[in-house]
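Could you put the whole structure together from the sequences, leaning on the hints where they help?
As given, the protein sequences belong to chains D and H, one line each in that order.
When we follow our numbering, the leftmost residue of the first sequence carries the number 30, and every step to the right adds one.
When we follow our numbering, the leftmost residue of the second sequence carries the number 8, and every step to the right adds one.
By construction, these hints were calculated from the structure, which means they are not laboratory data.
Everything numeric in this text was worked out from a predicted model, so none of it was measured.
The beta carbon of each residue, even a glycine, is placed where N, CA and C say it ideally should be.
Be careful, since some hints might not be right.
[What the hints assert, rightly or not] Just the calculated beta-carbon pair ranges, DEER-fashion:
1) D:S212 x H:R17: 36 to 42 Å
2) H:L27 x D:M272: 33 to 39 Å
3) D:R204 x H:R25: 50 to 56 Å
4) H:F21 x D:E207: 23 to 29 Å
[Unchecked claim] Derived SDA-like pairs (lysine to any residue); straight-line CA-CA distance at most 25 Å:
5) H:K20 x D:L247
6) H:K20 x H:K55
7) D:K274 x D:A209
8) D:K197 x D:Y178
9) H:K30 x D:R261
10) H:K46 x D:T260
11) H:K97 x D:R261
12) H:K55 x H:L41
13) H:K20 x D:A248
14) H:K92 x D:F259
15) H:K93 x H:Q103
16) H:K93 x D:D257
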Amino acid sequence: LDAMRTQADQVRELVDKLRQRVEDGELTTGNGLSFLETKHHTMLSYISELAYIAVLKLHGQQLEGHPVVQWLIEDRMVLEKMRPLEQRLRYQIDKLLRNAVVSNEGAKLAATMLRDDAMADPSAFRPNPSSLEVDIREEDAKAIESGIYRAPKQIPVHYEEDTTQAAKQEREEQRMVERASRSRLVRDLMVEYDDRPEMTTASGNPSIGITDARMERLAEEKARYEEDNFTRLAVGKKERKGMRKRLAGLEDEF
Amino acid sequence: MADASTVTIRTRKFITNRLLQRKQMVVDVIHPGLANLSKVEVREKLSKVFKTESDLVIPFGFRTQFGGGRSTGFVLIYDSVDAAKKFEPKFRLIRQGFMEAASRASRKQRKERKNRGKKTRGTGRAKARKVQKKN
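Written out as structure tokens, the structure is:
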């Protein structure tokens, strides 16, 4: 209780000093941001209402239905709504404060030397790119200076853990098995013995016999390229051989 | 060629290319049961549709789809003969008849001549003078 009393005395001293200054006209807020003025006034009324409620409780009176509670809620709402607005005004308020603080010419010159545009001319409202954090690591900085582009050494590369002969042979076998499973014979067998419905090409015309998604995709890509560029692509030797092989295979079927 | 009613021509991807003073499009010719249309026929049909001279309609790249019945190709329609002469490659101008093919000796003849010329060094004039003196 003694501690509370000493603290209360200190607070009263501060408040008296402030009151003197306000009465002397030292701290006028008439020319400031009206937004901040409303904030002051709301906060003041909020505090006084809280104090009133404390007094009521001390005297053992009921708070139900008392208009003070309504006022308190209203003030609280106003303060809450003001908070995001204050966030948006924060930049301007900071600038103005800095302008008021940094009135020393020497400090401003020093700030320009250090390339701190914010402090040098606080009333400049331009965007300040120098305040963006650019964190160039040393090696990157050196590389950029030398003028030659060196690729970063952090690109992930395929890592083959097991390079022994046995592992390599196993991988080869797996690859052969996969390729065999994609062959026409196996695919025909699958179509025959599988319950799923048969897939054909989306376009109405009969395909060359390959209802392969990959082949279809390639053909579609080629067609799209040809139409977009108004050209006809030449069919290379390998492609022609592949086509002939496929057509020959088709003939075998019949 | 029975083409009047059974053949349909459809144009796709129509673009008006102001930079090259032409209209370019992809043309689908649907001709079930018939052989595909020749370039001249396509020219006539399109010139009627777009109401231009058939000279200015330049078809190329027609390929018939596997199984027949449908062919796709490209067509350019120029605004004027001058524009066509300026922007088209020579072989297409020759096809249309705007230009005459350069007439020259056959390829074999040209190569043989070149090989004969390889035997003499320089402009064979000194040798010609010697031969003259002898005679």
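Cross-check of the supplied hints:
1. Remark: the range hint 36 to 42 Å for D:S212 to H:R17 is upheld by a beta-carbon distance near 39 Å.
2. The beta-carbon spacing between H:L27 and D:M272, approximately 34 Å, falls within the hinted interval of 33 to 39 Å.
3. At roughly 53 Å, the beta-carbon separation of D:R204 and H:R25 lies within the given 50 to 56 Å, and the hint holds.
4. The given range of 23 to 29 Å is broken by H:F21 and D:E207, whose C-beta atoms sit roughly 45 Å from each other.
5. Annotation: proposed proximity of H:K20 to D:L247 holds, straight-line Cα distance about 21 Å (limit 25 Å).
6. In summary, the hint linking H:K20 to H:K55 is supported, as the alpha carbons are separated by about 19 Å, within the 25 Å threshold.
7. Taken as a hint, the D:K274 and D:A209 pair is honoured in the structure, with Cα atoms around 17 Å apart against an allowance of 25 Å.
8. For the hint pairing D:K197 with D:Y178, the CA-to-CA distance comes to about 36 Å; that exceeds 25 Å, so the pair is violated.
9. For the hint linking H:K30 to D:R261, the alpha-carbon distance of about 18 Å falls within 25 Å, and the restraint holds.
10. For the proposed pair H:K46 and D:T260, the alpha carbon gap of about 16 Å is at most 25 Å, so the pair holds.
11. Annotation: proposed proximity of H:K97 to D:R261 holds, straight-line Cα distance about 17 Å (limit 25 Å).
12. A distance of roughly 22 Å separates the Cα atoms of H:K55 and H:L41; the hinted pair therefore holds under the 25 Å criterion.
13. Proximity of H:K20 to D:A248 is assessed by CA-CA distance (about 19 Å); at most 25 Å being required, the pair is judged to hold.
14. Among the hinted pairs, H:K92 with D:F259 is consistent with the structure: their alpha-carbon atoms are about 19 Å apart, no more than 25 Å.
15. At roughly 14 Å between alpha-carbon atoms, H:K93 and H:Q103 fall within 25 Å of each other, so this suggested pair holds.
16. Our distance criterion of 25 Å between C-alpha atoms is met by H:K93 and D:D257, whose separation comes to about 22 Å.
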